[in-house]
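All chains should be built: construct the whole structure from the sequences, respecting the hints.
Protein sequences appear in the order of chains L and E. Numbering of the first sequence is given in this note's numbering, commencing with residue 11 and proceeding in unit increments. Numbering of the second sequence is given in this note's numbering, commencing with residue 297 and proceeding in unit increments.
Just so you know, these hints were derived from the structure itself, not from any lab. A few of these clues could be false.
Have a look at the derived ranges for each label pair, beta carbon to beta carbon [claimed, not checked]:
hint : chain 1 : residue 1 : chain 2 : residue 2 : range
1    : E       : Ile322    : L       : Leu45     : 22 to 32 Å
2    : E       : Ser332    : L       : Thr312    : 16 to 26 Å
3    : L       : Met26     : E       : Lys300    : 43 to 53 Å
4    : L       : Ile165    : E       : Ile322    : 27 to 37 Å
5    : L       : Glu270    : E       : Gln351    : 34 to 44 Å
6    : E       : Pro298    : L       : Ile153    : 27 to 37 Å
7    : L       : Thr312    : E       : His355    : 31 to 41 Å
8    : E       : Ile388    : L       : Leu45     : 37 to 47 Å
9    : E       : Ile319    : L       : Ile165    : 29 to 39 Å
10   : L       : Val157    : E       : Gln333    : 45 to 55 Å
A virtual CB, placed ideally from N, CA and C, is assigned to each residue, including glycine.
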Amino acid sequence: MVEILDLIFFSLLGVMVGIGMGLLPGMHINNVIPLILSFSMFFPSSYNLVVFIISVAITQIFISYIPSIFLGAPDENTSLSVLPGHRLLLEGNGYEAIKLTIIGGIGSLLISLIIIAVLANTFSYLYEMSRPYVQYLIIAVVIFMVVSEKKLRNILSAILIIFLSGIFGVIVLGSTIVKSENVLFPVLSGMFGLSTIIISINERSKIPEQKKDFELKITKWKLIKSCFLGSIAGIIVGFLPAIGVSQAGTMVQYIGGMGESRSFLVTLAGINLSNEAFSLISLFLVNNPRSGASVAIQKILTQLTLYDVLLLVGVICFVSGIAALLTMFFGRKIPNFLAKLNYKYLSISVISFVLIMIFLLTGIYGLLIVFTSTSIGLLCGFLEIRRSHCMGVLLIPSILFFSGLNGTVLSILGI
Amino acid sequence: MPKKFLGLVCFFTSVIGLVLIYIAAINLQPVEIKISQISSDLIGRSISTRGIITQKRLHSAGHMFLVISNDNSEIQVPIFSSLMNDLKKENITESDFKINETISVTGLVDEYMGQLQILPRKTSDIKLGG
Chain L
11 MVEILDLIFF SLLGVMVGIG MGLLPGMHIN NVIPLILSFS MFFPSSYNLV
61 VFIISVAITQ IFISYIPSIF LGAPDENTSL SVLPGHRLLL EGNGYEAIKL
111 TIIGGIGSLL ISLIIIAVLA NTFSYLYEMS RPYVQYLIIA VVIFMVVSEK
161 KLRNILSAIL IIFLSGIFGV IVLGSTIVKS ENVLFPVLSG MFGLSTIIIS
211 INERSKIPEQ KKDFELKITK WKLIKSCFLG SIAGIIVGFL PAIGVSQAGT
261 MVQYIGGMGE SRSFLVTLAG INLSNEAFSL ISLFLVNNPR SGASVAIQKI
311 LTQLTLYDVL LLVGVICFVS GIAALLTMFF GRKIPNFLAK LNYKYLSISV
361 ISFVLIMIFL LTGIYGLLIV FTSTSIGLLC GFLEIRRSHC MGVLLIPSIL
411 FFSGLNGTVL SILGI
Chain E
297 MPKKFLGLVC FFTSVIGLVL IYIAAINLQP VEIKISQISS DLIGRSISTR
347 GIITQKRLHS AGHMFLVISN DNSEIQVPIF SSLMNDLKKE NITESDFKIN
397 ETISVTGLVD EYMGQLQILP RKTSDIKLGG
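Below you can see the structure in the form of C-alpha cells.
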C-alpha cells in the first residue's frame, strides 16, 4: 500500500526541484535523471521515486518557458531568427507569452488524455503495424526539415548539420566510450543547452518595458485549434522514435498554418506536455519508453499495471495544475529579478555546473563529446538555421536501426 | 568577430572532436569477464563473456533468445532479427546455435523486465564454438 501523504510530499518536492531546473537555462530532466537515480535509496518506495521524477519533468516543462522567453532574446535588428516567444517579449508582451504557454500546456494535456483514453486499445496495434515503416517516416521528416528552410543556402547548411550530427550520433551511440544510459546527457546538453547559452551571452539585448495586462490577443477558435494540434502532434512525437518537439513544431507551423507567434507558442507548449504525458503512458500502452523520464520509470517499476498508469495520469494532472499556477506567479516575479541579474555570470555558472555534472557522470570522454556537440550546436547558430537540425544525432542512427543497417554500419566503422 | 569566421571555427572543432571520438571508440576494447561477475553496475557498458547455450527460443518476428551459462551463473542473450539477418549472410543460421555449444558474446549489458542481458549488435560480436 502506497502512502498517499508520501506521494503528495514527493510530488511537491519534485515540483520544487522542477522549478529550480526550469529556471536554469539549458537544464533538462534528462540531465539530472542519472543523479536522481543515484539518490534512489533515500526514497521510501519506488512509487515515491516515480512520482518525484514525473513531478520534476512536468514542472520543468512549464517553468522553463520563463527563462526561454525572458532570457537570451536577440537584438531584433541583428538577428534574422527571432523565436516566437522572444518576438512577443520584444513587443512588450512577454507576460502574455507565458500565459499562452500555460493555456497551451493545460489545454493540450486534457485533449491528449481524452484522445489517449479513446484510442488506448489501438496504440499497441498501430505501434506494431508502423514498426516496419518507421524508417521511411523518419526519412520523410528529415526531408521536410531540410526543405522547410526554403533558401538554397539554408538548405545546404541544414544538410551539413544533419550530416555532421548524424555521423556524430552513429559513432557516439554506437560506441561504448560512455555508458549508454548517460551518453545523451553530453550530446543533448551541448547541442541544445550550452550552445544556446553561449550564443545568447553575446546577443543579449535589454528587455523592453513589459505590458502588465494579461489580455490574450488571440481568438478562442485559434486557441482551441492550436491546443488540438499540439495534442495530436505531441502524441505523434511520442509515438515516433527520434522525432522531437521542435521537428513537430516546425511541421505544424507549416501544415497547420501556425506561422503566427501566439498560435505557435500555444501549439509548442501543447506538443511538449502531451508528448511527455503520452511518453509516460506509452510504457503501459506499447511497453516502450519514449522519453528520458519514462526510461527511468520503466527501470524502476519494470512492468506497469493499469493502476500504475492511473497513478501516473493523476500525478501528471495534479502537478500540471500546481505548475501552471506557479508559472503564472513566477512569470510575474522572476522577469524583474532576471533583469537585475548579471546574465553573463548566470550563464557561466550554468555552463560550469553542466560541465562538472558531465565530467562526474561520463568522465573525460563525456567532456570530449560535449565539446563536439556544443561545436555542432554553435555552428547551427552561426549558420542561422533552426537548431532542431541537430536532432540528426538521433534521427540518422534511428533510420539505420529501423532499416536493419545498424550492425553493418558499426562493422564497417570497426566500432 | 564575423559569423562566417566563427562558423568555420565551429565546423573544424566539430570535425576534430568527431575524429578524436572515433579514434577513442575503435581503440576501446570491451572488458572480458565471467557471467557470474556481470552485475547491474555494468549496465550500459560493453563486455565480452563466454559460456554454453542452455536455452534457445525463437520469436515469430525473427528474433532469437538465448540463455548462456558458465560456473552456475546464466545470462540472457537476445539476438534481434536484424542481426539474425546479418548472420545469415555469413551462413550462420539459428540451427547453428545448438544447446550445450560454446559461445562467446560481446555486447552492451542491459536490463529488461528486471533481468540482465547482453545485447550483441554486429556479427563479429558472436563467436560460436572453440
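### Task
Hint says 16 to 26 Å; check whether the CB-CB distance for Ser332 of chain E and Thr312 of chain L agrees.
The hinted range 16 to 26 Å holds for Ser332 of chain E and Thr312 of chain L, with Cβ atoms some 23 Å apart.
### Message
Against the range 34 to 44 Å, how does the distance between the Cβ atoms of Glu270 of chain L and Gln351 of chain E compare: consistent or not?
### Response
60 Å, violated
### Message
If I claimed the Cβ atoms of Val157 of chain L and Gln333 of chain E lie 45 to 55 Å apart, would that claim hold in this structure?
### Response
52 Å, holds
### Query
In this structure, is the beta-carbon distance linking Met26 of chain L and Lys300 of chain E contained in 43 to 53 Å?
This hint holds: roughly 45 Å between Cβ atoms.
### Task
Return holds or violated for the Cβ distance of Ile165 of chain L and Ile322 of chain E against the range 27 to 37 Å.
The hint (27 to 37 Å, Cβ to Cβ) holds, given that Ile165 of chain L and Ile322 of chain E are roughly 33 Å apart.
### Query
Cβ-Cβ distance between Ile388 of chain E and Leu45 of chain L: within 37 to 47 Å?
Holds, since Ile388 of chain E and Leu45 of chain L (Cβ atoms, about 42 Å apart) stay within the stated range.
### Message
29 to 39 Å was suggested as the range; check whether the CB atoms of Ile319 of chain E and Ile165 of chain L agree with it.
### Response
32 Å, holds
#### Entry: Distance restraint evaluation - Pro298 of chain E, Ile153 of chain L, Cβ atoms, bounds 27 to 37 Å
Given range 27 to 37 Å: holds, Cβ gap about 32 Å.
### Query
Does 22 to 32 Å hold as the CB distance between Ile322 of chain E and Leu45 of chain L, or does it fail?
Since Ile322 of chain E and Leu45 of chain L have Cβ atoms about 30 Å apart, the given range 22 to 32 Å holds.
### Message
Against the range 31 to 41 Å, how does the distance between the Cβ atoms of Thr312 of chain L and His355 of chain E compare: consistent or not?
### Response
20 Å, violated
Hint compliance for this structure: hints 5, 7 are broken, all remaining hints hold.
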